[in-house]
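Enquirer: Protein chains in written order, with the working numbering: chain A, 696 to 920; chain B, 696 to 920.
Bear in mind the hints are in silico, worked out from the structure with no lab data behind them. In this text, all values refer to a predicted model and were calculated from it rather than measured experimentally. We treat Cβ as the ideally placed atom computed from N, Cα and C, and that holds for glycine. Misleading hints may appear alongside valid ones.
To be verified - To give a feel for the contact side, a few chain A residues facing chain B, derived at Cβ under 7 Å:
#1 V758
#2 Y767
#3 D771
#4 P780
#5 Q782
#6 A784
#7 L787
#8 S788
#9 L824
#10 R837
#11 W844
Claimed, not checked - From chain B, some residues computed to sit far from chain A (all C-beta separations above 10 Å):
#12 A730
#13 N731
#14 P744
#15 N745
#16 S762
There are 2 protein chains.
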Amino acid sequence: MIAVHGMSSSGNCHKVRLLLEQLERPYRWIEVDSANGGTRTPAYLAKNPNGKVPMLEREDGQVLVESNAILYWLADGTPFLPQDPWQRAQALSWMCFEQYSHEPYVAVPRFICGWTPLDSPRRADLPRLRERGHAAFTVMERHLSAKPWFTGERYGIADIALFAYTGVAGDGGFDLAPYPALRAWLARVRATPGFAEMPAPAPGNLALLAASAAHPGSASQARGH
Amino acid sequence: MIAVHGMSSSGNCHKVRLLLEQLERPYRWIEVDSANGGTRTPAYLAKNPNGKVPMLEREDGQVLVESNAILYWLADGTPFLPQDPWQRAQALSWMCFEQYSHEPYVAVPRFICGWTPLDSPRRADLPRLRERGHAAFTVMERHLSAKPWFTGERYGIADIALFAYTGVAGDGGFDLAPYPALRAWLARVRATPGFAEMPAPAPGNLALLAASAAHPGSASQARGH
């Protein structure tokens with residue numbers, strides 16, 4: 696059976712769990728606390744020198760890292776990844792967009808709000824990050840105004856990749872009210888067979904998220920761009 | 696014939712040119728000055744709402760964006776991308792690594808050094824960016840100490856993706872002396888059939904690169920990490 700090393704409250708890790716659940720493929724989940732050094736131990740770095748989660752491990756010990764590469768490998772040959780080369784490339788294109796133009800500006804604000812102290816100097820980055828997060832949502836909104844999914848003609852791994860952090864964007868102080876097509880897509884994803892919501896963060900992180908939302912310095916940038 | 700909209704001195708764009716040259720596939724190159732608003736015109740944004748180069752355009756007008764997705768589409772079915780699913784996923788994994796853990800810390804310092812004024816406040820980011828660039832080189836060095844290429848058993852698109860900005864890392868103030876396996880790999884890439892070096896930046900950008908290298912405030916962080 697394959698094993699997934701991941702942090703349950705990480706969107707990048709949840710991508711893998713969500714696809715495995717929807718594929719109904721058995722797996723073993725190995726929880727790694729990457730926010731507290733779990734990916735920086737010698738044992739972990741021996742398997743993944745880049746020190747990140749998620750990491751897929753086969754029974755023969757071979758590993759595959761990078762969430763979107765894992766999605767690709769798991770989905771190849773299933774309905775979650777088109778066979779047509781052009782549609783497949785378009786799905787990969789959206790997954791590249793997700794890692795370069797979306798995740799650093801949507802996932803990182805969530806991390807800052809829920810996984811750093813309220814007086815962290817990183818909070819000064821939030822307005823700039825959120826501005827670029829809204830730019831990513833605007834690109835997504837435009838696509839979704841014309842097409843229902845990011846993975847060719849149907850739901851698939853590009854949708855899973857983009858859903859992961861868009862679905863919890865509110866944690867990072869984003870208001871998705873200006874994006875009706877995006878919100879409709881989020882609802883369509885949540886209605887797919889076998890959908891699994893990301894597990895809630897630990898109580899301490901939930902408290903930080905709540906405090907961040909109530910803190911004017913970080914929350915005042917949440918709307919518009 | 697396919698058309699590539701790109702800026703010649705951009706590594707992300709050069710990836711596509713290099714593969715097309717090595718595939719000996721005909722293409723039309725449409726120069727776009729992305730450093731001066733060329734990707735922000737209404738005509739360009741109508742084709743690529745994310746406003747970035749490169750962009751591949753087919754004769755039927757359909758477009759594909761994101762450099763690594765373009766590489767994937769062009770290489771599929773050629774020796775530049777393995778057929779074996781696991782090796783293919785590993786190549787994609789390195790391409791994800793390139794976009795998330797390498798390009799933002801290797802390409803961006805080069806951009807700051809050669810495409811922003813010498814008194815740009817962005818230059819204050821250089822030490823932090825370079826530290827993470829060196830972390831990426833360390834991960835690459837470790838892989839290359841055991842294996843000759845990033846694309847399975849042979850040279851291919853993951854090598855092209857990682858070569859693009861590693862090959863001009865010096866422009867961003869990086870010294871690659873601590874990475875002998877990396878330097879040997881750069882030489883192997885340059886020796887592949889049909890290899891094409893990235894065109895030199897415009898004279899004004901070359902002058903900025905030279906001035907940046909001579910400027911102690913930005914050059915003093917060039918070594919070690």
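Enquirer: Run every hint past the structure and note whether it holds.
Expert: Checked hints:
no.	hint	in the structure
1	V758	violated (10 Å)
2	Y767	holds (6 Å)
3	D771	holds (5 Å)
4	P780	holds (5 Å)
5	Q782	violated (10 Å)
6	A784	holds (4 Å)
7	L787	holds (4 Å)
8	S788	holds (4 Å)
9	L824	violated (13 Å)
10	R837	holds (5 Å)
11	W844	violated (16 Å)
12	A730	holds (18 Å)
13	N731	holds (19 Å)
14	P744	violated (5 Å)
15	N745	violated (5 Å)
16	S762	violated (8 Å)
Checked against the numbered hints given earlier, this structure breaks hints 1, 5, 9, 11, 14, 15 and 16; the rest are met.
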